[in-house]
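Asks: Sequence:
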Amino acid sequence: MSYFLSITIPPNTPKSEPLVYDLVITPLVIDKVSITFPTGCVYLAGLRFTYRAFQIFPYNDNAWFIGNGNDISFLTEFRCDDPPFVLQIELFNEDEIYPHTPTILIDVTFINNREELRQQILNGYNSPRVV
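Taking the numbering used here, the leading residue of the sequence shown gets 1, the next gets one more, and so forth.
If you are wondering where the hints come from, they were derived from the structure by calculation, not from laboratory data. Ideal Cβ positions, reconstructed from N, Cα and C, are used throughout, including at glycine. Do not rely on the hints blindly, as some may be mistaken.
[Stated by the list, open to error] Across the chosen pairs, the derived CB separations fall in these ranges: (1) Thr-109 / Gly-40: 16 to 24 Å; (2) Asp-81 / Ser-2: 12 to 20 Å; (3) Pro-14 / Asp-61: 13 to 21 Å.
All chains, full assembly: derive it from the sequences and hints.
Replies: Here's what the structure looks like:
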């Protein structure tokens, strides 16, 4: 199964106050992550993933995936099986004029697919917010 996201980052969204997209999930294992930065980002836009308040991708602390017309893809076996069941994507855009919209594909294997648990978790929301 896969999650596919295109998230538009407004201009002047600094690393210190990133846009945060909350992806409500069920217990799962992240198998693969693919990110595409469109041409025109000129390395001014970036993103990273957090789970349970810890940065998980890129692995090194305080790092960001950045790009300009390129793809970033990697395999992993990261388990998301402890609440809260929210994978956060933090995004920044230091471009002063243009918004940028990276696309993200997350391939997963679900650990527990009981419908009642899924419904409880999905009573949350999947929407961007600024922290």
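Asks: Decide, hint by hint, whether the structure agrees.
Replies: Now the hints, each set against the structure:
1. Separation of Thr-109 from Gly-40 is about 34 Å and departs from the stated range, judged on CB atoms against 16 to 24 Å.
2. The hinted range of 12 to 20 Å is satisfied by Asp-81 and Ser-2, whose Cβ atoms lie roughly 19 Å apart.
3. In this structure the supplied range 13 to 21 Å holds for Pro-14 paired with Asp-61, their Cβ-Cβ distance being about 18 Å.
The structure does not agree with numbered hint 1 stated previously, though it agrees with all others.
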